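Student: So the protein sequences, as listed, match chains A and B. Take the first sequence: its position 387, counted from the start at 1, is 387 in our numbering, and no numbers get skipped. Take the second sequence: its position 87, counted from the start at 1, is 87 in our numbering, and no numbers get skipped.
Please note that the accuracy of each hint is not assured.
Claimed, not checked - The following residues of chain A were derived to be distant from chain B, with all beta-carbon distances above 10 Å: (1) Val-319; (2) Gln-343; (3) Asn-395; (4) Ala-420; (5) Pro-457; (6) Glu-462; (7) Asp-512; (8) His-519; (9) Lys-542; (10) Leu-580; (11) Thr-597; (12) Lys-603.
Stated by the list, open to error - Straight-line C-alpha distance at most 25 Å; calculated PhoX-like pairs for lysine-lysine: (13) Lys-166(A) - Lys-402(A); (14) Lys-147(B) - Lys-347(A); (15) Lys-109(A) - Lys-235(A); (16) Lys-465(A) - Lys-109(A); (17) Lys-402(A) - Lys-542(A); (18) Lys-465(A) - Lys-101(B).
FYI, nobody ran anything at the bench for these hints, they're computed from the structure. Please read these numbers as outputs of a predicted model, since none were measured by experiment. Just so you know, even glycine gets a beta-carbon here, dropped at the ideal spot from N, CA and C.
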Amino acid sequence: MKPRIGVYICHCGANIADTVDVEAVTEFAQGLDSVVVARNYRFMCSEPGQNVIKEDIENLQLDRVVVAACSPQMHESTFRRVCEEAGVNRYLFQMANIREQCSWVTHDKEQATKKAKALVAAAVRRVALQEPLEVRKAPVTPCALVVGGGIAGIQAALDIAEAGHKVYLVEREPSIGGHMMQLDKTFPTLDCSACILTPRMAQVRSHPSIELMTYSEVVGVSGYVGNFKAKIRRKPRYVDESKCTGCGVCSEKCPWTADSEFDMGLGKRKAIYTPFPQAVPNVPVIDTERCVYFRKGTCRACEKFCEAKAIDFEQTEKVVEVEVGAIIVATGYDSFDPTPIYQYGYKRLDNVITGLEFERLCNASGPTGGRIILSSGREPESVAIIHCVGSRDRNYHEYCSKVCCMYSMKFAHLIRESTAAKVYEFYIDLRSAGKGYEEFYNRVLDEGVIFVRSHPPEVVSEDGKLIIECEDTLAGCQSRIAVDMVILSTALEPRADAGEVARLFSLSRSADGFFLEKHPKLAPVATMTDGIFVVGCAQGPKDIPETVAQASAAAAAVLAMFARGTIEIEAATAVVDQELCSGCGICVALCPYNAITFLEDRKVAEINDILCKGCGVCVAACPAGAITGRHFTDKQILAEIEGLLADVKPPLVAI
Amino acid sequence: MKQYSYFPGCSLKASAVAYDLSVRAVSAALGIELIELEDWNCCGTTVYSAIDRLEAICVPCRNLALAEKKGLDLVTPCSACFRTFERVNSYLRLYPLLKTKVDKVLAAAGLEYHGKVRVRHLVDVLLNDVGVEAIASKVVNPLHGLKVAPYYGCLLVRPEVAFDDPENPQSLDRLVESLGAEVVPFPAKNRCCGASLVISNPDLALGLILRILESAHSNGAECIVTACPLCQLSLDAYQGMVNRKFGTRYELPVVFLSQLMGTALGLEPKALGFDRGVVSPEKVLARHL
C-alpha cells in the first residue's frame, strides 16, 4: 500500500517566509510522490497550526507527516505529540529544518527556496520508508546522589529529602559547608554567613532521608537516567563516626600542628582536627601527612585521651556502591591563585592578600578573632582593594567572575566598620546587578569609600608602604597611592580537577572550563546526559542566591522524574540480525554504553534496548552489516540523500 | 654557524657604537654570524610616523625588501628599529590597501616585499636560538654577586612579542642570570625612559629617567643592563642632569646586555667599547672580575 503523506510548511512569521517562497515550496511538495496534501501556515507550532495537521490526518487518512519548519531541537517533540494524538505513530513523522539550516543562513531568496525544496524532498522520501516503533518505559530508582556539600549541594539534598526521597550527599572534605562557610558576611544584607548556613548543615546531619558521606569521593558512574550506579570511595578518617562524641579532646591534646586549609593558611590546626568548630559531622579526621604516629609510629596521644575509644588507626579505605535515579553535580569552584601575576606581589610582598584570606581575617572565629590587622599586628591605616584579579583578563580568565564587585564592596564596608582605615576600590567597571546590590553600592559610597576607576598595573613596596601605581581613567591622570594592605579580589575558576569530574559524569565543559548546561536559558541546570544535573559555581561564577535557586531548580527536576516513576526509553536503538551476525565481537568492544553482550551459547551479539542510546557506532562498525539502527536504516538515509540531490545534475567532465 | 642578516640601525653607528662593537664581538664568541645588510637605511623610527604614515612604512620597508632577498632572519639590537619593522609587517598584513601603495613606492626603487622577513630582536635570538645553557657554558668570568637591574624599556616587549610577557618581562632577567649575575627586583623595568623627549621636553623626560634610576637604586642594583641604544643614552648621558635637577647623587653605570655578556665571556674591555660610556662601569665590574 502506498503511504499517504501530508507536508506542512511553516512561515515562522517572517523568519522563513521572508527568505523562502513558501507558496512555491508548497506547490513543489504537492507534486512529490505519495504526497496527498501540502499546505503552508504562519505558525505551524501554534494551536490552529497543530489542528490543521490533526484534521488532515483524520479527513485524508494520512499515515505519515512532514513538517518543514525550525530545528527538530525546537519542535520535533511538539509535532510528534500532534501525530500521536491523531493516531499516527511518532516515528512516522519527519521534520525538515528550513529555518536554521536554510532561511537564516541563506540571503538569496531563489537559492533559499531551492534549498528548502531539496530539504522537503529529502524528508518526504525518508518518511515514506520510516517504520512505527514502540516507545518503552523503564522504572526510576527514586534516590538521588548529590556530589559536593557546599550550599548548592546542601540545598539540593534538603529539597529532595524533604519530599521523602533518599539522598546520598557526598563531600570530599571532612565537613560539609564549602566556600560559603569560609565567608564572614554575605552581601548585600550582611547576614553572617555561618549563621545562615549552619542550621542547614545541622538539618542535613539529622535528616532521616539523607545519608551523608563526608571525606568521600565518587570514583565511578555507570548506568543511565533513572538507573545509575555510583561507586563512592570513603577515605579513612581513623576516627569511628559511630563512637565519636565530638568532644574535641583529641585535637586539644594532639601536639602536632599544620596550616589550616579552612583558614587559608593564616591559622593553625592540629594533625587530628575538624576544619572548623561547627563542622558537620563533628567528627575529626587524622591528617596522616602530619600525624607522627603515621610517620614514625609513636605518640598516640589522641587514642590515650579519647574516652569514647573512637580512634581507630586500623581503618581502611572503603568503596561503596549506591543505586540512584538522578545525580546532581555541585562541585563548586576554586579561588584563582594570583601568584603568577608577579606585578601584584602576592606571596612576595607582605600584606598583599586574597579575598578569601580577608574573609578569614575578618571572621570572629578566624585566626585573628576578627581583628583586621597587618602582619605586624598593627591595624591598617589604609587598604586598597583591587578588582578583577584573574577575571576579565585575557592572560587568565576572559569572563567576569560576577561576585567580586559585590564582595569587594562588602570588604570595604567591613573595614570601615571596624577600623579607621581609608579604603580605595580599584575597579574597571562596577557591576552591581541584583536585588539590593546597587543600593549597597550607594551605601558604601556614603560611608566614604574611595572608588578609583583603574586596573592598577603594579603594586610596589616602598619604605614599609605598599604603593599602588595606577592610571585614574576618570581623573585622567597617573597616581601613586600608598596603602598598608592590598586585597586582591580574585576570580572564581573551575576546580583544578574539573576535567576528571567531567569525564566521570559524562559532562561537557564550556570554553571557560566550567561544566556546560544543556541550554543556557531554557535548561540551565540540565546537562547533555539525561538524569545528571549541574548547579552552583561548578556551572559558572554566581552568588549565593543564584546558587540556591539553581539547586532548588535541579531538585524540582529530579522530583518530577521521581513522581512520574518511569522514564521513556528512546526507541531508535540498534538491533542485531542474529542470522547475519558472525560473532566477531567487534561491536561489543566498541559500544560506549556497554549495551552489547556476547551470547556465548549461540555465538552472536545481542543489544540491550534499555542501555542502547542509538549512537550508531556498532551499526557502522559491523563487518557483516548485521546491525541496523532503528529509525536510521541504510534505506532511510539513502532515500534522504536521493531526495536532497534529486535535481542536482551530475558534474560535467571537462574536456 | 647560524647566519642572520644584521641591521645595526643609526644609533649603533653614532651614540651607541659600543653596542655595535660588543654585539659583533659577543656574537662571534657565541658562534652566530651577523651579516650586515648591504646599503641599509634609517628605519625612520617614531619621527616619520608623526608626519606621514605611508613614508613611515615605506622607509623601513626598503630594508625589509633588501633582507627578503637574502632569505635570512633580520636581527636588530635596537628596540626602536625592531618595533618599527614589526609595525611594518603587521600593517602590511592587516591593511591590503596600504600594501598596494607601498608596493608602488618600492617598485620605483626596483624592489618588492612579500612580508616574508622574520624580524628578530637580539634578545630573542640570544634567548631562543643560542639559549641560556649554551651561554652559561661559555662563561669564563661568572659575574657572581653583581646586582643587576635588567631594563627593558617600552619598545622591546610592548605591545606584544612572542618571546616574552609584555606586563612582566623575563627574557633579559634569564640572560643576565646565565652570566652568573644576580637580578634585583625592578618595578620600573619596562617604564618609558622618554627617549628623544629629552630634547623637546626635558622637564618631563628627566622625571621619567629619575623614576627608573630611583627604582633600580632603591632595590640595590649596582648597574642597569639594557638592550636598547635609546634607553642606554637616556639613562647614562642624562644621569648628571637628573642629579643636578633633583639633587640626587646617582652613579649607576648603564651597560648594554652585550657588554655585560662579553665581560662574562672573557672578551677584552676595549673590544666591548667600555671606554665610550659616561658613567664608568669600571669600578662596579672590577669588583666581580
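Student: Now, for every hint given, state plainly whether the structure supports it.
Tutor: Hints and how they fare:
No Cβ of chain B approaches the Cβ of Val-319(A) within 10 Å, the least distance being about 45 Å, so the stated non-interface status holds. Listed as a non-interface residue, Gln-343(A) fails to keep its Cβ farther than 10 Å from every Cβ of chain B; the least gap is roughly 6 Å. Asn-395(A), annotated as away from the interface, has a beta carbon of chain B within 10 Å; the closest lies near 8 Å. Listed as a non-interface residue, Ala-420(A) keeps its Cβ farther than 10 Å from every Cβ of chain B; the least gap is roughly 29 Å.
At roughly 7 Å, the least C-beta separation between Pro-457(A) and chain B is not larger than 10 Å, which violates its mark as non-interface. Once the 10 Å rule is applied to beta carbons, Glu-462(A) is inconsistent with being away from chain B; the minimum gap is 7 Å. For Asp-512(A), the condition that its CB be more than 10 Å from all CB atoms of chain B holds, with the nearest at approximately 22 Å. Against chain B, the non-interface label of His-519(A) holds: every CB pair exceeds 10 Å, the least being about 37 Å.
Here Lys-542(A) stays apart from chain B, with its beta-carbon at least about 29 Å from theirs, past the 10 Å limit. Against chain B, the non-interface label of Leu-580(A) holds: every CB pair exceeds 10 Å, the least being about 58 Å. With a cut of 10 Å on Cβ distances, Thr-597(A) stays outside the contact zone with chain B, its closest approach being about 55 Å. The claim that Lys-603(A) is not at the interface with chain B holds, since no C-beta of that chain comes within 10 Å of its own (minimum 60 Å).
The suggested pairing of Lys-166(A) with Lys-402(A) is violated, with an alpha-carbon distance near 34 Å, which exceeds 25 Å. Annotation: proposed proximity of Lys-147(B) to Lys-347(A) holds, straight-line Cα distance about 23 Å (limit 25 Å). For the proposed pair Lys-109(A) and Lys-235(A), the alpha carbon gap of about 65 Å is over 25 Å, so the pair is violated. At roughly 69 Å between alpha-carbon atoms, Lys-465(A) and Lys-109(A) are farther apart than 25 Å, so this suggested pair is violated.
With a C-alpha separation of about 6 Å, the suggested pair Lys-402(A) and Lys-542(A) falls inside the 25 Å cut-off, and the hint holds. Of the pairs offered as hints, the one joining Lys-465(A) and Lys-101(B) is violated, with about 55 Å between alpha carbons and a cut-off of 25 Å exceeded.
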